[in-house]
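> Take a look at the letters that make up each chain.
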Amino acid sequence: MSSRGAIIRNGHVTTDEYTYALDEYDNPKKIYDAKVLVWVGSRHNLPDYSHSPNAVYTKENNGMLRQLRVYDSDGYPVLEIGYHFESHLSKNNAPVLHYHLFKKNLDREDAVPLSPTSCTELYGIYKKYLEAYGL
Amino acid sequence: MINGNLDQFLDTGWYSEAELFYKGFIYWCEGQWDKSGTCHFFVNRFPAIVVEEQYYRMIIEDDDTVDVECVFELFDHDIDLIKRKFLEAKIFDGKSFCEIEKVVAWLDEYGNNPIYRRDIVKEDYMDRLNSENG
Chain E
11 MSSRGAIIRN GHVTTDEYTY ALDEYDNPKK IYDAKVLVWV GSRHNLPDYS
61 HSPNAVYTKE NNGMLRQLRV YDSDGYPVLE IGYHFESHLS KNNAPVLHYH
111 LFKKNLDRED AVPLSPTSCT ELYGIYKKYL EAYGL
Chain Y
3 MINGNLDQFL DTGWYSEAEL FYKGFIYWCE GQWDKSGTCH FFVNRFPAIV
53 VEEQYYRMII EDDDTVDVEC VFELFDHDID LIKRKFLEAK IFDGKSFCEI
103 EKVVAWLDEY GNNPIYRRDI VKEDYMDRLN SENG
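Protein chains in written order, with the working numbering: chain E, 11 to 145; chain Y, 3 to 136.
Chain E extracted, bound-state conformation (with noise of 0.2 Å):
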């Protein structure tokens, strides 16, 4: 039987796994309204679900973005844009910006490359996260 996001759909989730990460402050770390999640335990990759409709979740890597998901009013993601090495994208070991969208089943559509010039619309809505990551 299949089982994909299964702990999704028996309505489980496991955003309890996450936490903030915390500014200079001390305080939950953001990037305008993106909270910026830190694993509990081994844990890896951004939720597949949040509890907070419309959410936004960062994840960094030695502070440098590596992921940013984009959550629908149901809690599904529905956008990824990721900063890193992709073997079939990357020139060299050069990371690249890129997005993938999703369905609500959870399948991944192909990476896209990202820029101001090849999808003006989607950079520009965030444009303001990428930003503030130096991108």
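Heads up, some of the hints might be wrong.
Unchecked claim - Reference excerpt, derived from the structure (chain Y facing chain E, CB under 7 Å, subset only):
no., residue
1, N46
2, W108
3, G113
These are computed hints drawn from the structure, not numbers from a lab. Glycine included, each C-beta is placed from N, C-alpha and C at the ideal position.
For this one, chain E is given, so just place chain Y on it according to the hints.
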């Protein structure tokens, strides 16, 4: 599984850019769906070193290239089939995921900070020298 939650990996992690470390390589596991609903699942591996038991640094060559090798690739609509074939494939140095699950590590990249192959030995030496000198 070291530094990773096996339940999470087998649920959605296995196709969500999981970075598994085994015997000197990162195995990048990713699935992407096209508009028709066909999943392109692939595992690319490249050399890396472990940092602080949770992270890895990608090893790059003098010309800044990464030695990436695709060790598994499948296109299908059936995600259960893809998952089963992936878990059974002997792509981890001749072993399947099921055979190495207790010793494979799920890591994160250390800040977009690759290391040149020529510097690996040098850094190891400096670390040893510094620790010996207190």
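> Tell me, in ascending order, the numbers of any earlier hints that this structure violates.
Structure breaks no hint.
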